[in-house]
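Listed below, chain by chain, are the residues.
Number of protein chains: 2
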Amino acid sequence: MEYKFSDALASLKPSAIREILKNSGTSIPLSAGNPAPDAFPVSDLTEIIKKIMEEEPILALQYGITEGYAPLRESLSVLAKDRYRAKSDNDSVIITSGAQQIMSLMSQAFINEGDTVICEEPSFIGALNCFRANGARLRGVPVQKDGMDTDELEKALKEEKRAKFIYTIPNFQNPAGVTMSLEKREKIYNLAKEYGVIVLEDNPYGDTRTAGEEIDPIKSFDKDGTVVYAGSFSKIIAPGIRVGFTVAPKEIAAKLTVAKQTQDVHTPLLSQLLVYHWLKDYSIEEHVSKIKAIYKRKLNLLCDKLDELMSPYIEYEKPEGGLFVWVKLNDNIDMLQYCKKCSEAGVSVVPGTAFLTDDTAPCQYIRLNFSTPTDEGIVRGVELMKEVALTF
Amino acid sequence: MEYKFSDALASLKPSAIREILKNSGTSIPLSAGNPAPDAFPVSDLTEIIKKIMEEEPILALQYGITEGYAPLRESLSVLAKDRYRAKSDNDSVIITSGAQQIMSLMSQAFINEGDTVICEEPSFIGALNCFRANGARLRGVPVQKDGMDTDELEKALKEEKRAKFIYTIPNFQNPAGVTMSLEKREKIYNLAKEYGVIVLEDNPYGDTRTAGEEIDPIKSFDKDGTVVYAGSFSKIIAPGIRVGFTVAPKEIAAKLTVAKQTQDVHTPLLSQLLVYHWLKDYSIEEHVSKIKAIYKRKLNLLCDKLDELMSPYIEYEKPEGGLFVWVKLNDNIDMLQYCKKCSEAGVSVVPGTAFLTDDTAPCQYIRLNFSTPTDEGIVRGVELMKEVALTF
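If you're matching them up, the sequences are chains H and B in order. Read in the working numbering, the first sequence has 10 at position 10, and its numbers run on one by one without any break. Read in the working numbering, the second sequence has 102 at position 102, and its numbers run on one by one without any break.
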């Protein structure tokens, strides 16, 4: 039989990163985005899960309501307000199946075929592909050292009459690693408000800051329901449980709930209960300090090795957090060839083109991850990167 | 701020059933669709989960691949082929976040705004709303005692030039309770093939048969990639873990995987590992026998009570499985008023209109569930239903 796929999906390719992950086999995974396994609170979670199955197994196994387990929503309301400064009284919290689902729900709630999503250029491929899969056209706005270029954003807002939202990762942007200044956060909020376009603020890495000062989210400026905030437990607790949460203006939250009913009914209760009890019985502060120490060590190790072995061939800015370093190869190195040769040499890195709105555009960047590989893997990976660089 | 929601979602109302569930409070829930908690293999799952957290916690907590945990996919391939007769060598198995997600992925993969989904009339509201939320127009085909009216289906296939798939629940259809004959299953397969339209065969209740003989699925006829089969563990193991699986022609499975990447990256590993180990270490046959005994007892109790107390006011056919009885009220009873009064009297039932492609069409039916309420609840619920019927 011949299939007539939807226009949006017919043209969409599988995520380059997940495809690399799937086939990376024995390569050193500088391409991945997995949190470090030693950052998972395994013994806490083991205790909690035993308790859940002993004390409230039916709650954990039965259907739940779409918005999420009520006590978890309540505790996240407090956390979003007090810890993340990302909630007002006009907002609701909804539990989602990872923060990825927030991108999907927002697309379903807002995108008609041909509408525009304004995004940072480069940006997270998982979000870009989600917008594409829902029929959106992408309009990229360049990322500068202090975040999205707000002049270019204003230009885009003027030109894109069908813009539905602005997608941004203000903290330790994936893949560029940059952190948006407070001034730009306020500026983006004001522009969004002026042009009547939602801001979708994605903050998966907020708790991984290893240098510099905390900066309030764009959501902290929101007085009139312009910003939808996406939070995740993938980097704080663990990604395999697939728990994210959105702080959204109530009217939007209601639509996201309707969309979520149609996608997966609700997020698994066991995952939700794990997060609920962990937040209640353990110290997020203490655990986040531990995570930060791990990532600081691994980031420093990667940067030290890059400085030692790769400085003739690359340029990069050390990020203040997140899981990635965005590395520019010298002009004499063919970027795609370099990635291919790295893979053959036994280290996988992601070609920067994967993060562009047009993945055929010229690009000298590659993305390196330091959370997934072991310390030895980081060292050996950069050694292999140097061997490959020497062939150009 | 004023929001410009997508056309498809702007007009969609929250699922009437889930809204009733949410607000049913102390009512006797004849409206729900929850499996009976005593059907959950709690002690098996508790053992398994402890073992997972002791032996493979990182596997359970780390990111996984989108298609699902490979050993689970393999064991479901065997199960789909041998137990359900629902897989050929041209098909792939993908693990999904409940079977609901299969409806969502299929919609994303196939539906352009304005395309048609042909469905049974009445049908499962969760699926109908999903198709609507993805911009599909619904074309209903009446359900007869032996399943979808195939003459009407052929008429619909002739008229609907933009039909993308035919959605059907052949076993113990929700809400009508009817089971499709083998002849009609083959007929539908042949019609679908002839008109080049996919069949989306949803089988959430297959393992709840309490009377009659097993009938092979539509998928068992599939030689050329016309049928996508949706299976679920919600009624076999537990719904709160949100694990479903699809058996789909390889080319479609690849597109569903791309769509799933954009929705939730992957189904929680803990849920997938639970199903994997349960299938490996416990007997599905034995457990399904136990479930059937529970449902047989509860179905009989409900029908006995309806026959005893409600026969002057209603008509119904006893289903051979599933969780629901589809009940026709006498013409003198205003159906919506009846539902409202039942709710006030302390028993909640679902108005049949919730399951129609046009929920303003006239309808004398209500849907009753017997798996969620306790045995006492069933008895008391029907008593209250009678008290309300007396007021008409």
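Misleading hints may appear alongside valid ones.
Unchecked claim - Computed footprint of chain H on chain B, listed as stretches where at least three residues anywhere in the stretch have a Cβ under 8 Å from a Cβ of chain H: (1) 148-155; (2) 288-298; (3) 312-324; (4) 363-371.
To be verified - Chain H is nowhere near these chain B residues, computed Cβ spacing over 10 Å in every case: (5) Glu2; (6) Asp7; (7) Phe40; (8) Glu54; (9) Ile198; (10) Ser234; (11) Ala259; (12) Glu376; (13) Phe392.
Since the hints were derived computationally from the structure, they do not count as laboratory data. Since the structure is predicted, the reported quantities are computational estimates derived from the model, not experimental observations. C-beta: ideal position from N, C-alpha, C; glycine also.
Quiz item: In ascending order, which of the hints set out earlier in this document are inconsistent with the structure?
Solution: Checked against the structure, the hints that fail are numbers 1, 2, 3, 4, 5, 6, 7, 8, 9, 10, 11, while the rest are satisfied.
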